[in-house]
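Residue numbers (the numbering used here), protein chains in the order written: chain D, 96 to 515; chain H, 96 to 515.
Errors might be hidden in some of the hints.
Identical copies carry no separate label here, and so any pair may be met within one copy or between two of them.
Computed list of lysine to aspartate or glutamate pairs in DMTMM-like fashion (alpha-carbon distance at most 20 Å, straight line) [stated by the list, open to error]:
| hint | residue 1 | residue 2 |
| --- | --- | --- |
| 1 | K127 | E451 |
| 2 | K127 | E199 |
| 3 | K127 | E176 |
These are calculated hints, taken from the structure and not from any lab test. Since this is a predicted model, take the numbers as computed values, not measurements.
Number of protein chains: 2
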Amino acid sequence: MTDHTPDHIDLSHAFASRTTRMRSSEIRDFLKLVGQPGVISFAGGLPDPSLFPAAALERAAAEVLADPARRNFALQYGPTEGYRPLREWIAGYMARLGVPCTAENIIVTSGSQQAIDLLGKVFIDPGDTVLTTSPSYLGALQSLAVYEPHWATIDLPTGAISGNRVPDLAYLVPDFANPSGETVPVAQRQAVLDTGHRFDIPLVEDAAYHALRFEGDPVPPIQALDVARTGSIDRSRVIFAGTFSKTIAPGLRTGWICAAQPVIRKLVLARQASDLHGSMLDQMMVHAIASTGYDQQVAAVLPVYRQRRDLMQQALLRHMPEGVTWSLPEGGMFFWLTLPEGLDSVQLVRQSLETERIIFVPGTSFHHDGGGHRNLRLNYTLSDGPTIEDGVARLGQLISRQLETTPVEASRLVGAAAGT
Amino acid sequence: MTDHTPDHIDLSHAFASRTTRMRSSEIRDFLKLVGQPGVISFAGGLPDPSLFPAAALERAAAEVLADPARRNFALQYGPTEGYRPLREWIAGYMARLGVPCTAENIIVTSGSQQAIDLLGKVFIDPGDTVLTTSPSYLGALQSLAVYEPHWATIDLPTGAISGNRVPDLAYLVPDFANPSGETVPVAQRQAVLDTGHRFDIPLVEDAAYHALRFEGDPVPPIQALDVARTGSIDRSRVIFAGTFSKTIAPGLRTGWICAAQPVIRKLVLARQASDLHGSMLDQMMVHAIASTGYDQQVAAVLPVYRQRRDLMQQALLRHMPEGVTWSLPEGGMFFWLTLPEGLDSVQLVRQSLETERIIFVPGTSFHHDGGGHRNLRLNYTLSDGPTIEDGVARLGQLISRQLETTPVEASRLVGAAAGT
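Using the sequences provided together with the hints, build the complete structure.
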């Protein structure tokens, strides 16, 4: 460990055991390369900055800061639960999604990442079992891992659970899932609910991409299905995590949790102990956008991302060699590719970065069970059309070259090692 | 439990055991009363909003949001470590305090409350022993308790440690301590360092009030003393937590940790899993104020708070009955009062709220060991002179009335029950 040269104090004995579960996200590491000349990033789930509602945010900030009463409110210590008008707006939005509720069912969080962390803090004891898909969202795996759970895999569409562990919590991204791009249909959502009721556990529904539907009929949130069964948000075991990061702007760090009041009250205590409350100015700016034109903002974002999805689909069809497979996502930000047997996405991203200056996230990052060596996730929301075409073409050529130079024997070995 | 009526789902079996350690802060609960007509608050450590650098913050926000490049940076996902120019400014500030360091020794946090939470996450295993003073900062007791430590008390000035536990981490507020108002002199800081070296543990120095010195010679941070001993911040076991909440504005949620690089790297991983990063706009606004006029901002705040401290001191001398004692703080935001034997601060605050509409924080909130029944903390930074005079006068009269009506026998009983 270079940390422990005589130049640095060695406090490694003092670190908590949970820190051994903390690892840096490849996405966060790659993020440092974004914007460097010549680098094409298909890595992060980054929105296109040109779609941020810049003028409206500028106006909102100016209006808050020019009015003494609102300014003093924005700059002083504020409520842990969040800015009340924003909580009320979110409650109205949840009602539109089929979840009638009040501001008492809402806590504002610093993005949905903090929502996931607070849920881990409130629900996971070391040794508890968290049920999720494989692949699942990297950031959730990282946040929840800190609370030292075991993992169990739920297979969709069968609903089968791996191993013999009894789950204590389930975590899902049902809409245009990160990373798989897939959307869980209603029948499977009902089956997930059945599983939740059978084990009497909380179900976390991470709806980060819910608003980014390009086509097809909307599927009701799992929480809405549970409210329809139980009659009330306060009787629901589903905990809905939403965010403004993908629709308004991630730098404002504003997301939310909608849940039964006893759950919200615990989360408020957990957040009080975590950081007291979120930025008041950011919440007031988000509220200004949401309350005056959330639908228009989403409507401005959707066609751009839809067009980029179409361009990436066309580029993939044109440039990917035979044996590379994927499905067309109906929304969200990602394609999820499967490589032919014998190729390894971790090796691919290393070479892609070195020779092509193209970055993406290898599938291994999204698996708690060691899988994903043949998968990669490609983001299409940050890049313009020519960049998508250029990047996918070069990535396709790189994969083709790797296929040509991968001897059949080595291919079998790698396939076996990856458990395929 | 009213939560578990048939109207609410009962997920209490699903909550993690650490949630039993979460309790609501009296300060946060009282905060909801601040600003209500007729309520005088001596409760929170709230800065006076009239001292926020409003015009400069308004200008800073406008400048960031009007410039496309800076605006896109502010609104996009950002670095977990924090806004680099702010980290560099903080490194320069730390050097002025006697801690030469670089931006690599700094992580920006969402206020010093998040700093404390991240330190708990990184350092405390369940059953570890945290050494602190009694009383100590309520918010730290709450944040760290979530990681399920045992507590041990270090007595200052003797340096004696209660019980037989070997400490794993120490936490102190050495400047105008919250709540006691006391400042730890250099010789005792060296003794605390000796203790840290003897047990080979990290020492957390919460310097939230450090900049608010009204008079007397500055005392070097414990971290500066350790750097002088070991020769480098990277060899120091002291972890310094600072904040802009008391000098610029708490609603912007911006604080920092300065520490050896191996510690900072762990904290970055912990923050990545907690909330990815803080509000970029807030950090850029804080940087604008700090880099163009931090000293002027502090110089604008100090005389106002000093005058209010003096007014509260005069009011206490005039209105408190014999037997109530306190020391004059040289800075910070609080007086720490000790009541005569037989009185109880928890009972006092209930009556004070009911009959006088005056709130403060009873000493019990600041004790991990059940003490503090005869103490109360009074904040003087939020109230103007007439309010301080009126509030202290009525509080003094209430205490006098309680003293008159407290039968000697009951007084002895309460004293015995409180272990005094």
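Right, here's what the structure says about each hint:
no.	hint	in the structure
1	K127 to E451	within (17 Å within a copy, 56 Å between copies)
2	K127 to E199	between (39 Å within a copy, 15 Å between copies)
3	K127 to E176	between (32 Å within a copy, 12 Å between copies)
When the structure is compared with the earlier hints, no violation turns up for any of them.
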